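K.L.:
Listed below are the residues making up each chain.
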Amino acid sequence: MRLLPYIALAALLLPACTSNRFYTPNTMQIPMLSEKGQATVQVGIAKNKHNSGWEVQGIYSPLPHLGLMVNHFDLHYSGDTYSDFSQSFYALEYEGQTRLTEGAVGGYLQTGPQKEYLISLFGGFGKGRTENRYLPQPDPPGTETFNSSWNYQRWFIQPALGMKYRRFQVGTGLRFVWVDYLNGDINSRVGQVETDRIALLEQNSPLALTEIAWTFGWHFRPVVISLNSTAVVRGKNSIRDLNLASNFVSLTVGLNLHELKK
Amino acid sequence: MKKLHLACLFLGTLILAAACKRDTDFNYYYYEPADFALLSQYLNLPDRPENYQSTLPKHLQSLGLAARPVDYDKATLGRVLFYDKNLSKDGTISCASCHKQELAFSDDKKVSAGVFGLTGDRNSIALGSVLSFSAYYGTDLFGPSGVPFFWDNRANTAAEQNLASMTNPNEMGMSHTDIVNAVQTQPYYEPLFRMAFGSNQVTQARVSEAIAEFVNGIGSYKSKFDSEAEKTLGYNTYSNLERNNFSGFSAAENRGKLIYLDNCASCHSPLQGRPEKMKANNGLDAATVDAGVGGVTNQANDMAQFKVPTLRNIELTGPYMHDGRFATLEEVVEHYSTGIQNHPNLSPELKYGYQPKKLNFSAQDKSDLVAFLKTLTDQELRTDKRYANPFK
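Line by line, the protein sequences give chains A and B. Per our numbering, the first sequence starts with residue 56, numbered consecutively. Per our numbering, the second sequence starts with residue 1379, numbered consecutively.
Keep in mind that the hints were calculated from the coordinates and are not lab data. This structure is a prediction, so every number in the text was calculated from the model and none was measured. One or more of the hints may lead you astray.
[Unchecked claim] Selected chain A positions facing chain B (Cβ under 8 Å, derived; list incomplete):
#	residue
1	Trp205
2	Tyr236
3	Asp240
4	Ile253
5	Glu257
[Said to hold, decoys possible] Partial list, computed: chain A residues near chain B (C-beta under 10 Å):
#	residue
6	Ser203
7	Tyr207
8	Asp235
9	Leu237
10	Ile241
11	Asn242
12	Pro261
[Stated by the list, open to error] Calculated pairs, SDA-like style, for lysine to any residue (alpha carbon to alpha carbon, straight line, at most 20 Å):
#	chain 1	residue 1	chain 2	residue 2
13	B	Lys1463	B	Leu1423
14	B	Lys1478	B	Lys1488
15	B	Lys1744	B	Gly1717
16	A	Lys182	B	Thr1402
17	A	Lys182	B	Asp1401
18	A	Lys182	B	Asp1403
By construction, the Cβ of each residue, glycine as well, lies at the ideal position given by its N, Cα and C atoms.
Extracted from the complex, chain A is given alone in its bound form:
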């Protein structure tokens, strides 16, 4: 029953997920490592009207103070925007998918009066692909769809702070991200406005973004259920103009493998 408020909170927050066809942050994994040999695997979901995504994340400490992290993110989304052609503006519906797989390595330190603070610093690299499909315009009625797709890679550095208690764990972190768009194919029939947005993306690549995250977990050994939020703090104006997704909320279920052994 004590879990109920958090589930309710999650239900409230999940619709706050925003999707964007240019970039959506995955859930920032905030390490809760405190000693060698610890390992956690977690599966996450995000679902609302415009998003349907899942994630798999894992972390492992092979050596004292050293951690390895892997994340995979797969998000389907839809939405609408507007574009123009021949000086006429029209609504533009789209749907798409973005996938990202990344790995990271870093260090961690357990500190605090009761060793409850877990400080970590990880850096990683991953590759992803985004595919957007713009749906036919109502006027003229057509059956064609227009596509834009690109490959990207992402570098990140994330300092984080976790606090682990017997039943709860909370954490927060910053993620400094460089999203580097590599190559892509853009059907410019989506209209000049949308093409200009994508060109802006290209011009600003790599996007330097700062992301802030928090996680709140309920611990049922060896399972941890967490609610996570990762938000993009948009920097310079040209990046703001891209109207990137600002927030991503997920619910994850984690399994602490080291607790299984005990």
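Keeping the supplied structure of chain A fixed, place chain B upon it in accordance with the hints.
P.N.:
Relative to the frame of chain A, chain B by itself:
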């Protein structure tokens, strides 16, 4: 701690790597590669549609003239159709055969040649005789202030006009079914129709709509007269500033401008916007030879009345009048100077009381007037690649 140092070193390397900006390589394409390859076999088209939207100079905007939005995909398709001789019964005539770009989309013959050696009965009207096809013509959008089509004003829209020409037995000689079949058999139309209409279904209405879209994209407002008018008048077209000398005009051109404003503009428009009159009899013959508008309306007072065009690119569009009877501008000026006939429907502007006017221009006047008329030539129109023949 050594491992921690190593981790920090690794992260530092990551930062440096991330800081290295690399070029993003996005490929922006308009036509699917297979479509563009197919089009390129037959056509010289750019890899995306041209911009066919006309932006009129200030002095024309201030007259309330504005070009309607043009769909670039349809205009591109229309351009191909406009130049395609497959749209005529014997495969020898396209719209462009009688509307040649280098002649401001007119023909240099009294009456143009049609299919099987037949000829039409009236002179080909220059599409470039107006500031912008889409800002000038068409009663569908502009109501009574929009100019109808043909010398006898019998069509209301560009689509009606081009269909009438395609199906005229003396011009292109096609039936509606012929038009659809001719288009369907050409492979390059499949992607062009898909782009323009969202599907590759060919209909006569779509063919006409696309050609109309192309001609609606034709604009001619970059003459010497236009640049001087914009410079001198700007948006102020209500103070008779056009009577002031234009600084870029020669003395003869400025004198000719005043002669034009005093004697011609009351029908043909002072600023070459829209004509002041939609129809008139200009005294070519004392009796009705060609019924003109009267042949459409069957009204006695419309007999031998014809469209009054504006005079843009008039230098390029001879021979002149609805029947091409005058070969040169000098002959036209001479007609108004001494040759006006007293037709019962002669326009009041060309009468003194019940008698036809004799404008009695001096030799200098005639020469100056012709010099002015030549300032209405838009050389860019003649070579604008957006309007050129796309066929290889």
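K.L.:
Where does the structure disagree with the numbered hints, that is, which hint numbers, in rising order?
P.N.:
none
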